[in-house]
Amino acid sequence: QSVLTQPPSVSGAPGQRVTISCTGSTSNIGAGYDVQWYQQHPGKAPKLLIYDNINRPSGVPDRFSGSKSGASVSLAITGLQADDEADYYCQSYDGTLSDVLFGGGTKLTVL
Amino acid sequence: EVQLVESGGGLVQPGQSLRLSCSGSSFTFDVSAMSWVRQAPGKGLEWVGFIRSKPYGGTADYAASVRGRFTISRDDSKSIAYLQMNSLKIEDTAVYYCGKDLRPDTAMPIEYWGQGTLVTVSS
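Those protein sequence lines, which keep their order, are chains A and B.
In terms of my numbering, the first sequence has 54 at position 54, counting the first letter as 1, and numbering is strictly consecutive.
In terms of my numbering, the second sequence has 2 at position 2, counting the first letter as 1, and numbering is strictly consecutive.
Please note that the accuracy of each hint is not assured.
[Unchecked claim] DSS-like, lysine-lysine: derived pairs with alpha carbons at most 30 Å apart: (1) B:K43 to B:K89; (2) B:K78 to B:K54; (3) A:K44 to A:K107; (4) B:K54 to A:K47; (5) A:K68 to A:K44; (6) B:K78 to A:K107; (7) A:K107 to B:K43; (8) A:K107 to B:K89; (9) A:K68 to A:K47; (10) B:K43 to A:K68; (11) B:K43 to A:K44; (12) A:K107 to A:K68; (13) A:K47 to A:K107; (14) B:K78 to A:K68; (15) A:K107 to B:K54; (16) A:K44 to B:K78; (17) B:K78 to A:K47.
Just so you know, these hints were derived from the structure itself, not from any lab.
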């Protein structure tokens, strides 16, 4: 059971919009610690998608966006494409555990 | 283009040690913090630890699961970060990734990742 909770799976048709949630607590996201999102294709290294809750590194399409509300954050993907099919992980810091944490990951299936 | 190449993985028995290396190129290594993240077969990502750049003390922080057994160090003259793993356990079996952190003094975010090296701990 991860401290940062993500849905195990989400799905959507090409062109649609999907969101992936990452829920924490007052020890981590709710305490104001920033959240990052990573995308990982099977057998590949993770790739940074969103950092500091809402920022996109250069080269990441604006179809990917992050938002934060209280102790939860969300990753939104619009205009879903086949290549978006991958695992997505949130990451933050927990002040009580003094540890960097990853969420359990969410598998996105493009129907 | 930033490149990170891990090496040193392999098969070891429980209780043994192993040292992983992460060679970086095409970026200013000595002002970069470097992280290690692992992924057990079929599982999610797990943060292992990171080392700050020398201007920020060059100190390392570790996940509770490896603290006291793993040590991260760096040789800026060679642009290499190391992960020394002692008293290995079966549950340490994973692909180990190194990463370049965006900022010189924090473990997040990891802006560039290596391809990973597999460590298998088995008798």
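Verification of the supplied hints:
1. Restraint check for K43 of chain B and K89 of chain B: satisfied, since their Cα atoms lie roughly 17 Å apart, inside the 30 Å limit.
2. Our distance criterion of 30 Å between C-alpha atoms is met by K78 of chain B and K54 of chain B, whose separation comes to about 14 Å.
3. For the hint pairing K44 of chain A with K107 of chain A, the CA-to-CA distance comes to about 14 Å; that is within 30 Å, so the pair holds.
4. Restraint check for K54 of chain B and K47 of chain A: satisfied, since their Cα atoms lie roughly 26 Å apart, inside the 30 Å limit.
5. Under the criterion of a C-alpha separation no larger than 30 Å, the hint pairing K68 of chain A with K44 of chain A is consistent with the structure, at around 28 Å.
6. As the CA atoms of K78 of chain B and K107 of chain A are separated by approximately 38 Å, the hinted pair breaks the 30 Å bound.
7. With a CA separation close to 12 Å, the supplied pair K107 of chain A and K43 of chain B stays within the 30 Å bound.
8. A hinted pair counts as satisfied when its Cα atoms are at most 30 Å apart, and K107 of chain A with K89 of chain B qualifies at roughly 28 Å.
9. For a cut-off of 30 Å, the pair hint linking K68 of chain A to K47 of chain A stands: about 20 Å separates their Cα positions.
10. A C-alpha spacing of about 26 Å is found between K43 of chain B and K68 of chain A, which places the hinted pair at or below 30 Å, so the restraint holds.
11. Straight-line distance between C-alpha atoms of K43 of chain B and K44 of chain A comes to about 14 Å, which keeps the hinted pair within the 30 Å bound.
12. Pair hint K107 of chain A plus K68 of chain A holds up; C-alpha atoms about 21 Å apart against a cutoff of 30 Å.
13. Between K47 of chain A and K107 of chain A the CA atoms are separated by roughly 15 Å; this keeps the pair inside 30 Å, and the hint holds.
14. Taking the CA atoms of K78 of chain B and K68 of chain A, the gap is about 40 Å. The hint is violated against a cut of 30 Å.
15. For a cut-off of 30 Å, the pair hint linking K107 of chain A to K54 of chain B is broken: about 38 Å separates their Cα positions.
16. Our distance criterion of 30 Å between C-alpha atoms is met by K44 of chain A and K78 of chain B, whose separation comes to about 26 Å.
17. With a C-alpha separation of about 25 Å, the suggested pairing of K78 of chain B with K47 of chain A holds against the 30 Å cut-off.
Hint compliance for this structure: hints 6, 14 and 15 are not met, and every other hint is.
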